[in-house]
Amino acid sequence: MAQMNMIQALNSAMDIMLGRDPNVVILGEDVGYFGGVFRVTDGLQRKYGEHRVLDTPIAEGGIVAAAIGMGVNGLRPVAEVQFADYIYPAYDQIVSELARLRYRSAGDFFAPVTIRTPCGGGIRGGQTHSQSPEGIFAHVSGLKVVMPSNPYDAKGLLIAAIEDDDPVVFFEPKRIYNGPFDGDPNKPAVPWSTHPKGEVPEGHYTVPIGKAEVVREGGDVSIVTYGTMVHVCEAAARSLGLDAEVIDVRSMVPLDVETLVNSVKKTGRCVVVHEATRFGGFGGELSATLQEECFWHLEAPILRVAGWDTPYPHAFEWEYFPGQKRVARALTAVMEAR
Amino acid sequence: MSVRTARAGRERVLGLLAAMLRIRQFEETCARLYGEGKIRGFVHLCNGEEAVAVGVMATLGPGDAIVSTYREHGHALARGIPMDAVMAEMYGKATGCSRGRGGSMHLFDAATRFYGGNAIVGGGLPLAVGLALAEKMQGRKGLAACFFGEGAAAEGEFHESLNLAALWRLPVLFICENNLYAMGTALERSQSQTSIAARGAAYGLPSEAVSGMDVFAVAEAAGRAVASIRNGGGPVLLEMCTYRLRAHSMFDAQLYRDKAEVEAWQKRGPIVSLTTRAKAAALMTEEDYQRLLAAADAEVDEAVRFAEDSPWEPAADLGRFVYAEAGSP
Ligand SMILES: Cc1ncc(C[n+]2csc(CCOP(=O)(O)OP(=O)(O)O)c2C)c(N)n1
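Going down the list, the protein sequences come from chains E and Y. Take 11 as the starting number for the first sequence in my numbering and just add one per residue. Take 27 as the starting number for the second sequence in my numbering and just add one per residue.
Watch out, some of these pointers could steer you wrong.
Straight-line C-alpha distance at most 30 Å; calculated BS3-like pairs for lysine-lysine [to be verified]: (1) E:LYS57 with Y:LYS285; (2) E:LYS197 with E:LYS335; (3) Y:LYS285 with E:LYS197.
Pulled from the structure, derived: some chain E residues nowhere near chain Y, Cβ distances all over 12 Å [unchecked claim]: (4) ASP25; (5) ILE26; (6) VAL47; (7) GLY72; (8) ASN83; (9) PRO99; (10) ILE133; (11) ARG134; (12) LYS221; (13) GLU227; (14) ASP266; (15) VAL271; (16) LYS275.
Sample of chain E residues at the chain Y side, in silico, Cβ under 7 Å [to be verified]: (17) PHE44; (18) PHE48; (19) ALA69; (20) THR138; (21) THR320; (22) HIS324.
Treat the hints as calculated values from the structure; they're not laboratory data. For every residue, glycine included, the Cβ atom is placed at its ideal position computed from N, Cα and C.
Extracted from the complex, chain Y is given alone in its bound form:
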């Protein structure tokens, strides 16, 4: 690991760290705003899973499509949806990336080909298959990167999607964020095969378990997978071993896991671990860290200001976008 860090070089280390910090500070701010009643509804934070979002997105190009889950703030930010638009969506404002129609769990953005957060567990996998099939049939080079939790591997859509993608050799990168718990249910309590990579292999997909806490490991594995997919090698499944450091949602007393377990994982979190290693390799200093943290905070503050100042969409527009409008694409 430290070898990887040393090879990475200072600029890359700082870039990855900055990307993870802006997600972390965004999530922390969401938690605070939720407490203040500014953000409402169901909100799922991705603290601890930042390296997966950042490491994978670093390997993708603008022509690729992203499909995500309800725990998607990090994916959206790492993909490049402006933080202003993501925060405004949290507030339900007209300037939100989904015009306030979706809120936290339903971020969409055409410019970055972000095909949605999705609060239906497993709901996004078939969409990724369809996106990839269309890409292939139209002779384009893009792939579909599809994020899902390990809990989704129990849904029928997971199995149908892996089979179709493998059968038709589609350009899909399946990224399982295995954070060990589906809400209050630990993986081993709910699934007969606890290795998600083994399930990918069963459908004939090259599949690999990766440390999702190490942003370099994530980026390397994703880079290999993307290269193989772009070479026509068909779909790949990566099982990112990670942990969610916060509760499942804002209503979760976390009675299903020990404090000690959470604390142990906190020490292994992707931001701490990168910072520790990079400092040890003399690639960055505490000042660098503080500077990046301040920059992240400033960006988040600005996004909050933007969201607060933004208007609500007029209620008369409630019925828009249910069907195609005259003149819409």
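The shape of chain E in the complex, shown without the other chains:
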């Protein structure tokens, strides 16, 4: 096995798929010649040529629209939207066209498009380089939505997404591209090589879409989360010395209800955590589903910890970011409730 950070793992996934399947094509702004702003597609154009790795103009609507046409006509496009904050010009194409193509053609047509996009804050990106819009995609029927929290899952999920015949919106939490982040901006960066999930097979493998993972077993309380917050939640649980079970959702759509429900039935307590704004966020769906399925097992109301309901602020980044303290406060409240 090799040591990889998330960038290298994602690159390796695309490298393998370009090599295995002549129909796989990568397109996006600065993905080819430049190698991607985060270097995720570095070297792929050199290796596979300009007809497999296409540089596009700055036109997110056009990029996704072209990917849909390519996908419906035999190719397997992987489109990059440089930051999730720039995905909105493409939202119409994703919602009105990509998500519905199979349904409205009664199964005649489909577009196996993967849309990769870096998301999340904690990098001082301010309003337009920090957002976590997964909830507004999870809300749209016909899309699959995933977000890995480590290099191993990133590669396995991306290969699974590219091989999937349905459209997948693939969110990459950029704060943890280079290493896990426990929410403390003043600590030195930790590289993935110190983390077991930084060990990544060089070859082809998949992590199935639709499967959550219990990343830390425990009996006191279940923490249901994904992306960067997985690491923040693990650290918060450690800081309290709680026997918390941490579940990485990994796939918002389809959602692995069984794994979540089994955990909450076992612990009787649950905190849902994400970085996206709280109101109408995906945490509401998680909380509602768990309440419906586990009501008679619950010892306390399910709490949510999320970003504040504001645009992502430049100056207040670390107040906005749901760090360890806020998670710990919710854990304490849930443990004390009876």
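Keeping the supplied structure of chain E fixed, place chain Y with the ligand upon it in accordance with the hints.
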């Protein structure tokens, strides 16, 4: 060019040079402060493009509205947002022109009708159209000056905005800062029609390519355009041919262009070229230059001191300005 310089007269030359120098020194200081970790996040400097900001702003009046991009420090300063408030915004301080909420890419200021930096490529063009339409419908004389990069001409908003502005003969001055590269992508690698002026013409806008390195050429072209717009002639597009002398942002190894190319453009930069021509025309001396440079440095130092001494907004105010507050206008 030298004819223009000679006609301009000493005071005007020194005024334009001073305006460009304060932008240049501001940008250089931002780069230094970024290295020191005082300014964080995404920062895009406009070194090399100062003549566009200064030349255009010189032709506008207080009733006009400005719409800009994330590479907007120069526009903000040339428009007259106090340098203190711009620097404090870089720091994310409460005294910043957007109270630290936006940082480098999101400068806003009501007093100068500066409707924002905008980090969404193409995001500002439709806003300019709306501003201009409202201006016209309310019988006012202002225009909307909208800056954008050539990369934005690939976005749908560019095309929708030009069409609307032309269709409704709106008072919009579209100013494309064509610096040849959109991040790492050269213009000819990403657009079928590399003349942005030709695209303006396709929508029926009077459109012109201008040397954006010559502050007089910029001011003349902008002056003509503004006069035509104010006379009810409808929108105009100016393609300012320029070059960004620094990296796209603070994270850019510039592997997409040669050092030699950058050096060649450095020699043609707007500040060097004006200084050389004005000295040749005996309109200024090296002492004048040094005096203006020192004045610019002093202003920047003062702005840095102001930003450093300024308070952070209390975190309790995090949720303010998401919605209207009781008593707000
Ligand atoms: C909608 C959107 N897509 C992509 C980006 C990422 N991005 C930021 S700047 C940039 C290049 C823009 O080039 P240009 O318009 O020529 O302006 P310049 O940076 O050269 O001043 C890109 C692609 C963005 N900010 N917004």
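Outcome of the hint check:
1. E:LYS57 with Y:LYS285: holds (26 Å)
2. E:LYS197 with E:LYS335: Measuring from Cα to Cα gives roughly 15 Å; hence the hint holds.
3. Y:LYS285 with E:LYS197: violated (37 Å)
4. ASP25: holds (20 Å)
5. ILE26: At about 25 Å from chain Y, ILE26 (chain E) clears the 12 Å cut-off, so the statement holds.
6. VAL47: Its Cβ does come within 12 Å of chain Y, the nearest being 7 Å, so this is violated.
7. GLY72: violated (8 Å)
8. ASN83: holds (22 Å)
9. PRO99: violated (7 Å)
10. ILE133: violated (8 Å)
11. ARG134: violated (4 Å)
12. LYS221: Check passes; 35 Å lies beyond 12 Å.
13. GLU227: Given a closest Cβ separation of 36 Å, the condition holds.
14. ASP266: holds (34 Å)
15. VAL271: holds (34 Å)
16. LYS275: Correct as stated: the minimum Cβ-Cβ distance to chain Y is 36 Å, above 12 Å.
17. PHE44: holds (3 Å)
18. PHE48: Violated - the Cβ of PHE48 (chain E) stays beyond 7 Å from chain Y, reaching only about 9 Å at its closest.
19. ALA69: holds (5 Å)
20. THR138: At about 4 Å, which falls below the 7 Å cut-off, the nearest Cβ of chain Y leaves the hint on THR138 (chain E) intact, so it holds.
21. THR320: Given a least distance of 5 Å, the restraint on THR320 (chain E) holds.
22. HIS324: holds (4 Å)
In terms of the numbered hints stated before, the structure departs from hints 3, 6, 7, 9, 10, 11 and 18, listed from lowest to highest.
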